[in-house]
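Respectively, the protein sequence lines represent chains X and S. With my numbering applied, the first sequence covers 1 to 308. With my numbering applied, the second sequence covers 1 to 403.
Among the clues, some could well be false.
Just some of the chain X residues that point at chain S, by a computed CB distance under 10 Å [claimed, not checked]:
| # | residue |
| --- | --- |
| 1 | E81 |
| 2 | F99 |
| 3 | V222 |
| 4 | A262 |
| 5 | I281 |
| 6 | A292 |
None of these hints come from the bench; they were simulated from the model. This structure is a prediction, so every number in the text was calculated from the model and none was measured. Glycine included, each C-beta is placed from N, C-alpha and C at the ideal position.
Listed here are the chains, written in short residue letters.
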Amino acid sequence: MGVEFVQLSLTPLLIGILAAIACALPGNFLILRRQALIGDAISHVVLPGIVVAFLLTGVISTWPMLLGAAGAAVVAVVLIEAIRRVGRIEPGAAMGVVFTSLFAAGVLLLEQSDTSGVHLDVEHALYGNLESLIWFSAEGWGSLTDPAALAALPPELFRMAAAAVLIGLLTVVFWRPLKLSTFDEGFAGAVGIPTAALSLGLVITAAVAAVAAFDAVGSIIVIAMFICPPAAARLMTNRLEIQVLWSVAFATLSAVLGYVLAGYGPLWLGADNAVSAAGMIATVSGLILALACLFAPHRARIGAPRGA
Amino acid sequence: MPSLLLDALLLQAGYNAALVALGAALLGMAAGSGGTFLFLRKRALVSDAVAHATLPGVGIAFIVMVVFGGDGRNLPGLLLGSAVSASLGLLAVQWIASRTRLAEDAAIGAVLSVFFGFGIVLLTIIQTMSSGYQAGLESFLLGSTAGMLFQDAVVIALGGALAVAFVLLLRRPMTLVAFDAGFATASGINVRRMDLAMMGLVMAVTVIGLKLVGLILVVAMLIIPPVTARLWTERTDRVLLIAGAVGGFSGYLGAALSASAPNLPTGPIIVLVSFALFLLSLLFAPGRGVLAALVRHRRFQLRVHRRQGLLALAHGEAIFDPLTLTVLRRERLIRQDAVATEEGRALAAKTLRDEKRWALARQVYQDEAVSGSYDGLTPIESVLTRDEIAEIDRRLGPPAPVA
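I would like the entire structure built from these sequences, with the hints used as guidance.
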């Protein structure tokens, strides 16, 4: 646990934890509102957004990509609403039409444009490159107090931290209206909460989390973290406050355990190469959810007989 | 390029390309019609979980086949593995949704992300474990027809044909179950078994489609054609037919297009062709289309303006609204200087008379069937009989002439 850990594992681990928390927070509300698959849809449409941003600017840089991805997410939400209303199609199917088509358009654009010189491909979009976010100039734990070394931290860390803090703040600030409109939209509307705006705001927040996390960790973690930790937390308690805390704990546990298992697990088993950290984190979060489904205190529906 | 496309469309672009195009068409038909039942049961996104859940099966099948000394890329073996893990995923979705208090959408999201994540872990293991076998399993993510072997194309074409036959065979009970599960049970259909068959069909289409369009986009072949077909008709049998046709056409055209030029990946092209068909339908379909809605709205607007104009004429009021003036002029009910013509006066009198008849009728007939149908545009003749109108007229007295 010395120099090597700080250099190679500290930043990916931190980024993984931050990404997991940033996605799990809005995920709590999405699950309760039965919009869990919004996260799935958003993480698919991020790809065309990023490709278009790249084609327009010709470089891989943060802000255009974030803007492109956020723009694509908004376009997708608008399209889903339009199809749902104009064609009178049920929301799930409308969502399925939009996100697959936009993803297909993204893949096609990517194949058609010359991206050989830059690091932009579908695999990267799907499982990110968490392992490569290393801190070159670290020489041990002491580097944490060395400004020169801190300046060389991967920029993804700061971006992810900013997103996580922003989402945490938003959750705290809008806690009451969010909670009210999630459980009783009619009542929330009656006491003057703009429920439609709040609903859109939640989707946009989810999009921000997805876009920020996407760059560093890929879309698998994004989808898994939107759903698995909050779903497991939902089975642990009946109180939203406690549920959010559980979800943060589960998200952190998934990120840490997943990263460690991916990086060191194969070595313990005698293999000499690490496996995908993103995939492993998603797998661990799934295992946590499976355990929660089997043993959590509030797993059954109210009124449903145990073990029926 | 156009001649290349023509070649591909006419199945002249090589034996394999032709087989792929036919296979894609069959697969598209099976997916479109099979997806219809899923869509009608409002469970379209379950297919997304099924599709993503195939990945670990592909990985495990590859590892098992290599460990036992076989060729890891044997397509039937990989498809078998993917079918096993897809059914595990499906079971997991159903188990979570029925045994815990989590909703089906959360179950779908959890299964698709976790299975997919585990699949990615397996892919990275495969990459490192056998450098000799550069597996190319990534092609299952987005599909690839580039290096497709002849027997692979045969598997796809055969599988597609079987799935189409399956749909044809089970279309009646499945339709019944999709609309009214209770009635289906009463008619002696085993709903659970039908649901199982439907999911089996979805799984079969997904597994066959893996090589062609890839597991991320195969969902689109199951969802987009039924949604497109639904815009055109209100009848299930036609939705089924149209969805099959849209799916088949998209598969065929998409495969041909992608064979006609480089850098046109088959899966995305097929999806985009069917999305284009969907967009066209959304614009032009009768009933649910945008254009039809606009036409309906315009017609309604004109009728309202015509009636308001006629009432204004009857009351001797001046008309200022330009649209009202245009409508009345076009029907020669008023002259260019907005003075009513003979015909216009007659029609205005009739409109006013009807208005008074309606007012009386709504007092006399309190029931919803009559008073509820008053919206200012429904002619009274379509609601009351001639005798009833005559009775109302008797009470109203003789009509007043319009000045």
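Against chain S, with CB atoms and a cut of 10 Å, does the hint on I281 of chain X hold up? holds (7 Å)
Residue hint A292 of chain X, partner chain S, criterion CB-CB below 10 Å: holds (8 Å)
Against chain S, with CB atoms and a cut of 10 Å, does the hint on A262 of chain X hold up? The hint holds - A262 of chain X has a Cβ within 10 Å of chain S, the shortest such distance being about 7 Å.
E81 of chain X as an interface hint toward chain S, with CB separation required under 10 Å: Since chain S brings no Cβ nearer than about 13 Å to E81 of chain X, farther than 10 Å, the hint is violated.
Restraint check, 10 Å cut-off on beta carbons, for F99 of chain X near chain S: Constraint on F99 of chain X satisfied, holds at 9 Å.
Closer than 10 Å between Cβ atoms is the bar; does V222 of chain X clear it against chain S? Give me holds or violated. holds (8 Å)
Consistency with the previously given hints fails for number 1 only.
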